[in-house]
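Novice: If you want the building blocks of each chain, they are given just below.
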Amino acid sequence: AQKITQTQPGMFVQEKEAVTLDCTYDTSDQSYGLFWYKQPSSGEMIFLIYQGSYDEQNATEGRYSLNFQKARKSANLVISASQLGDSAMYFCAMREGYNRKLIWGLGTSLAVNP
Amino acid sequence: DVKVTQSSRYLVKRTGEKVFLECVQDMDHENMFWYRQDPGLGLRLIYFSYDVKMKEKGDIPEGYSVSREKKERFSLILESASTNQTSMYLCASRGLRGAPNYGYTFGSGTRLTVV
Chain L
1 AQKITQTQPG MFVQEKEAVT LDCTYDTSDQ SYGLFWYKQP SSGEMIFLIY QGSYDEQNAT
61 EGRYSLNFQK ARKSANLVIS ASQLGDSAMY FCAMREGYNR KLIWGLGTSL AVNP
Chain P
1 DVKVTQSSRY LVKRTGEKVF LECVQDMDHE NMFWYRQDPG LGLRLIYFSY DVKMKEKGDI
61 PEGYSVSREK KERFSLILES ASTNQTSMYL CASRGLRGAP NYGYTFGSGT RLTVV
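For the protein sequence lines, the chains are L and P, in the order given. Using this note's numbering, you'd call the opening residue of the first sequence number 1 and step up by one each time. Using this note's numbering, you'd call the opening residue of the second sequence number 1 and step up by one each time.
Any given hint could turn out to be false.
[What the hints assert, rightly or not] Incomplete in silico selection of chain L near chain P, CB under 7 Å:
#1 P40
#2 E44
#3 M45
#4 R100
#5 K101
#6 W104
#7 L106
No lab work stands behind these hints: they were computed from the structure. Please read these numbers as outputs of a predicted model, since none were measured by experiment. Using N, Cα and C, we set each Cβ at its ideal position, and we do this for glycine too.
Please work from the sequences and hints to get the whole structure.
Specialist: Next comes the structure, spelled out in structure tokens:
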């Protein structure tokens, strides 16, 4: 079974609008962390935002926020005021417990239209 | 800023060649990782290292080996390159808890083509 599921292979959004990218996860650990990364066509994986399982507030980083719903095991990324430069692949990933490894989703391709 | 540098952005090698992919980080991170990324398969962990001379197999270690003789450098070795190893290879390092991204920082990737 997939531990990280990103159900949207591709998404389109108009410039300046908000967009939500979905991520659901599956773990039996109480301690875990959730990450979102952006990968532009250049290939580099760019860290966007992190949410720990014990963090009481949703994480925010500039235009990025993470809608963390623990009971539903979802960690959706919200990008406000989309920009053309936001066009990229977006990956959700999870670290379980004290495991050093990350478990990755298959990604969502986001296209921002002018 | 933490930098993770991969020595080559693009490589073309012949089947059967021994290939070295180099990764260097400049922030004294203990943990380093090698992933390969293929369309539809996401990122898959090949090997990781949690200290000098220490290594652990990831999910797809077959056909690969690694070397970590110094803390800052983690090398991925394809002993005898094959066409099914054509892929994007990403190196990452991980720092201390409390860093903004929990310390995972990636290099720019190496696109390897084996012909």
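Novice: Does each hint fit the structure? Answer for all of them.
Specialist: For each hint, the structure was consulted:
no., hint, verdict
1, P40, "11 Å, violated"
2, E44, "5 Å, holds"
3, M45, "4 Å, holds"
4, R100, "5 Å, holds"
5, K101, "6 Å, holds"
6, W104, "4 Å, holds"
7, L106, "5 Å, holds"
The structure fails to meet hint 1 from the earlier list, while all remaining hints are met.
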